[in-house]
Each structure stands twice: as C-alpha cells, then as structure tokens.
Amino acid sequence: MKVLCCVIALIFLNPLEPFSQAVVIGSKDGPSVKVNSSSSWQPLYNLDSASAEKTVNETGLIYKQLTASRFLHQATLGFDQGDIDRLTDLNFDKWIDNQVRIKPSYYLPAMDTIFKEVYDWYFKFNTDSADAPTYYSYIYYNYAFWENHLKQKDKLRQRMALALSEIFVISVNSDLGGMGRAVASYYDLFMKHAFGNYKDLLQDVALHPSMGYYLSHLNNPKEIPEENIHPDENFAREIMQLFTIGLYELNPDGSRKLDPAGNPIPTYDQADIKELAKVFTGLSFSGVVPNMYVDTAFFGVNFYLGDFLLPMKMYNEWHEPGTKKLADDYVIPDGQPGMKDIQDAIDHLFNHPNTGPFICKQLIQRLVKSNPSSHYVKRVADVFADDGSGVRGNFEAVLKAILLDPEARDCEWLEDPANGQLREPITRYTHFASATNPEQYYGRYWNASIDYLNNVGQIPLASPTVFNFFLPTYAPLGQIKEMDLVGPEFQIHNSRTSIGYLNMVNFWAVYNYLLYSWTENDPPTSINLDEFKKYAREPETLINKLDMLLTYGNLSDRTRKIIAEAVEELVIGDYREDRVRLALYLISISPDFAIIK
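Each residue of the sequence shown is one higher than the one before, starting from 58 at the first, in the numbering used here.
Any given hint might turn out to be false.
Below, in silico cross-link-like pairs of lysine-lysine (DSBU-like), each with a Cα-Cα straight-line distance of 30 Å or less [what the hints assert, rightly or not]:
#: 1; residue 1: K151; residue 2: K121
#: 2; residue 1: K382; residue 2: K397
#: 3; residue 1: K397; residue 2: K279
#: 4; residue 1: K314; residue 2: K457
Note that these hints are calculated values from the structure, not bench results.
All chains should be modelled from the sequences, with the hints used to inform the complete structure.
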C-alpha cells in the first residue's frame with residue numbers, strides 16, 4: 058500500500074512547479090552554486106555518494122559526469138554510464154566533431170540483414186513455408202531502429218535523424234505500412250544529411266517516392282482541363298507550410314512580422330500554392346521492382362510495382378509547361394525541363410529569409426527546449442544563414458550552435474520557468490533502454506514497438522498526420538498557456554497515454570520485458586541490474602546513481618524523499634534487486650524524468 062501511495066504521489070507532482078534542486082549544474086563559466094545534500098554517507102568503492110561539495114567542484118568527477126549527462130540528454134536518444142565517463146574526458150565541441158566522423162548506421166541495410174535472420178529463424182522451427190515472412194512490413198523497420206539505437210555509436214546522428222523525421226513527416230499509417238524498405242530508405246535520408254546541407258535534404262525529400270506517395274506528388278500530372286485534371290496541391294502546400302517558410306513572415310529571431318494594423322503577414326496564398334503545384338508535376342518512379350506485369354517504369358506506374366529505393370524521375374511530357382509565379386513574386390521561366398523547375402523552386406524556398414528561423418526554432422524545440430528565447434533562435438538562425446565560411450544551411454554548424462549555445466548550457470537557465478521540455482514518449486523509452494544494460498539471449502534487439510504505440514501514442518514514423526504527433530505551437534490549457542508558452546509534446550500527453558506510459562514502465566522495470574519482437578520463439582530483451590544492485594544497500598546511494606544516469610542530478614528533494622521511503626521498505630529476500638526495480642520504476646514515472654531542463 059505504501060508503494061502504491063508513492064506512485065500516486067509521483068503521478069500528481071506538478072511538472073511545472075519549480076523544484077528544490079538536489080544539485081544544480083551548468084557551464085563552468087556559470088554562477089557558483091552551493092549544493093546541499095541530506096547525507097554524506099559514502100560506501101566503500103562508491104564515487105556516487107551524496108557528498109554535495111564534489112558536485113559543484115569543477116575539477117571533481119561528479120560535476121563533470123552530471124554536466125555530461127545533461128548534455129547527452131539533449132544530444133542523443135539515450136546513453137549509459139560508459140558514455141558519460143567518456144564524455145568527461147572531452148569538451149562537448151570535440152565530442153560533436155567525433156560524432157560527425159562516425160560512419161552512419163543506415164537503416165535499410167540493417168533491415169535487410171534482420172529480415173534474412175527472421176526468415177532463417179522461421180525455418181529453424183518450421184518446415185511449412187506457407188507462413189514464412191515474404192514481404193517487408195514496417196515492423197522490420199522498427200526492429201532496425203532498435204538494433205541501431207542500442208548497438209551503433211553514431212548517437213548524435215541518430216538523434217538528429219529523429220528530429221528531422223518529425224519535421225519532414227511521412228507515416229506508416231498509410232499504405233507505406235506494408236513498405237518497410239521504402240520507410241527505411243526514407244529515414245536514411247535523415248541519417249545521410251544529418252550533418253550535411255539543408256537544401257540537399259530538401260531536394261532528396263521532395264524526390265523520394267515515400268514522400269511522393271504520402272503527399273501525393275508521385276504520378277501528379279499536368280493540367281488537362283477537358284478531363285478536369287489539375288495538379289495536386291498537397292506537397293506544394295506542405296513544403297511551404299511545414300518544411301521551409303511557415304505560414305507567416307518572420308523576423309530573424311523567429312518572431313512574427315506584423316503589418317501596420319498589428320496582424321501577422323502571410324507568407325503565401327492559395328494562388329501561390331496553385332503555382333507551386335505546377336512545379337511538382339511529372340514525377341514518377343524511375344524503376345520497378347521485379348514483377349510479372351511490367352519491366353520498366355513509366356509515368357503512372359502502380360504504387361506496388363514502383364521501386365521506392367530510387368529517387369523519382371521527371372517525365373517532362375507530364376510536367377506542367379509555362380512560367381510559374383511563386384511566393385514573393387519569384388518567377389520560374391517557361392521552357393525549362395521539369396527537374397530544373399524543381400531545383401529553382403527549392404532554391405527559392407531554401408534562400409527565403411523565413412527558412413532559417415523557422416527550421417532552427419523547431420530543431421531547438423526537438424533537442425533542447427520548447428520555448429527558446431528570441432535571442433537563442435536568432436543566434437542559431439544566423440549560423441544557418443552563414444556558417445562562418447559563407448555556406449548557408451550547414452546542419453553540422455547549426456547543431457553545434459544549438460547544443461553549445463549558452464541557453465542550452467548555462468545553469469542559470471535551469472531555474473527559468475520557461476526553460477525545458479516534456480520528453481516525447483519515444484525518447485523516454487530509448488533512454489531507459491540505453492541506461493539499463495539491455496540483454497537478449499541471441500544478442501539482438503528486435504522490438505515491434507506496437508504495444509508502446511498503442512499505450513503511449515508514439516513511435517518513429519507512425520504519426521497520425523503530416524503535422525507530426527504534436528504541433529510546435531501547441532499550448533496545453535493551464536499554466537503553460539496562461540504564461541503564453543508552448544508545450545508541443547503535451548498534445549499527446551493525456552489521461553490515456555499517461556496511464557499507458559505507467560503500464561509500459563512497469564513492464565520494463567518490474568516484469569523485465571524491455572523489448573520484444575513478433576518473431577516466433579524469439580526471447581524478449583530484459584534489463585540487467587547487476588551494475589545497480591551493488592549500490593542498493595543504501596537507498597540514497599542507489600538514487601544518486603540513477604539520478605546521474607536518468608535525470609542528470611535533477612531529482613527534486615520531494616521526489617528523492619518519496620523514492621527513498623519506498624525503497625527502504627524493501628528488506629526481505631532479494632531486496633537489492635527489488636530496490637533497483639522499484640527505484641527505476643519510480644524515477645521513470647516522475648516529473649523529474651519527464652521534464653528535461
């Protein structure tokens with residue numbers, strides 16, 4: 058009963074209420090902060106003690122580990138103690154440089170390897186081929202996502218890829234759900250361009266058949282008035298609204314420009330959409346998969362016959378001729394090949410003054426905080442405009458600007474009520490998995506993820522619409538809205554998903570089902586508690602260890618007290634393991650874990 062009361066208490070802690078910090082951390086140039094602790098007990102061989110002075114001593118290990126943990130919360134999908142320890146020997150700038158040099162862990166080859174393993178695994182237990190895997194559904198992409206997340210070292214690239222996938226949205230909640238290789242190939246664009254140039258990514262996205270299908274400019278014909286056929290406007294609208302310039306004209310700091318009457322100024326109108334739609338006509342598959350019907354691609358080839366791994370091809374005879382007058386009176390001349398029209402349109406959108414602040418603010422929201430100051434947005438947008446060597450749209454430079462900005466690093470921002478963000482559900486899951494030493498009998502991390510989607514409402518590439526799981530401008534009712542702030546992730550945070558998340562954490566921490574596949578006879582992945590059990594004799598020491606790993610020293614005094622009292626009650630049987638499981642569960646459902654500051 059006492060443990061149940063602790064769970065209820067944690068659920069109803071107000072995530073917006075300022076916490077009395079057990080520790081406060083930040084940049085080494087930030088203000089000096091005195092840290093108090095309730096105990097100075099230090100078990101033998103344990104550096105993760107409650108000694109407060111070490112925490113703020115910038116030469117001490119604890120301070121460096123906590124600042125490293127906070128940085129990794131922003132820059133990765135998850136990490137373990139080894140990642141923290143390695144980062145303490147580097148400055149963050151150097152860590153980013155090292156990450157950029159790591160070879161990308163692409164999802165399509167990982168998925169192909171997994172599918173072959175699944176196929177061979179099936180015949181290890183079956184002789185009847187009737188039910189053998191025969192096509193690539195998106196479940197195999199989910200397997201590849203978790204394999205790469207837990208085995209590969211390109212952590213920053215993977216984090217950036219997820220962020221970009223939530224801007225350039227396609228979804229398996231469509232016929233793409235049965236096209237796992239198409240989905241993996243599309244996601245690999247974000248891996249490829251994570252540190253590259255925004256314009257290159259924009260063009261590759263526009264020409265990928267998955268996006269062509271999802272926003273319907275695949276097989277989009279020119280106008281044929283006598284048949285009442287007109288260019289589809291879907292992609293033309295979204296490439297402006299969601300991928301580049303947004304709905305309203307912006308200042309360099311991301312704030313809206315206003316007309317003399319004080320109203321926001323639209324960036325485009327319906328006429329601009331119609332003109333841009335003409336640009337994205339004439340595109341279709343450039344190849345076909347082996348089939349019994351056709352040998353070569355052509356304009357209008359069936360969705361199920363086209364090769365989704367190749368960029369779309371321009372069929373000029375189906376491309377809308379004539380001039381195209383785009384937003385801001387930009388004119389694409391008559392007589393060009395269709396692909397040149399597309400390149401000109403992308404150049405125009407890429408160079409629009411809105412694009413830098415519009416995209417940079419969203420990346421800050423994904424990686425660091427929901428409500429960046431206008432100064433923060435402008436500093437990053439300035440780097441987007443010019444990386445220092447005259448290059449526009451350099452993602453590597455933009456990422457450094459986001460992650461190394463004083464607003465992301467300085468400890469004074471920890472106490473700002475507008476600072477921080479609600480973790481999106483998928484990053485809570487990926488971080489928990491990384492931190493708890495996952496193990497599987499065959500050494501594979503295949504995770505169908507469907508239970509998590511059904512319970513919590515999010516897994517990669519499964520958005521209900523092109524507008525992602527949540528809007529960057531969403532503000533929940535209550536304190537956030539009253540303070541004129543936004544909290545995008547709260548759009549999928551409700552009574553159903555909150556309870557669903559509690560149930561999922563219970564499966565991970567208590568029942569030891571961390572990941573599991575839909576593959577017959579494949580054992581689940583569980584957490585390994587050996588590293589944590591050695592700290593479990595003293596509850597505060599265990600909490601300190603988990604606090605560093607899961608909440609970068611940010612557990613509030615109230616949360617610590619609730620967890621310590623619950624853990625202390627466990628004294629019978631294998632109480633150390635029980636203590637670790639309970640502490641993991643309670644920290645992972647706490648506001649301190651849910652809110653990143």
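Violated constraints from the hint list, given by number and in increasing order
The structure conflicts with no hint, since it agrees with every one listed earlier.
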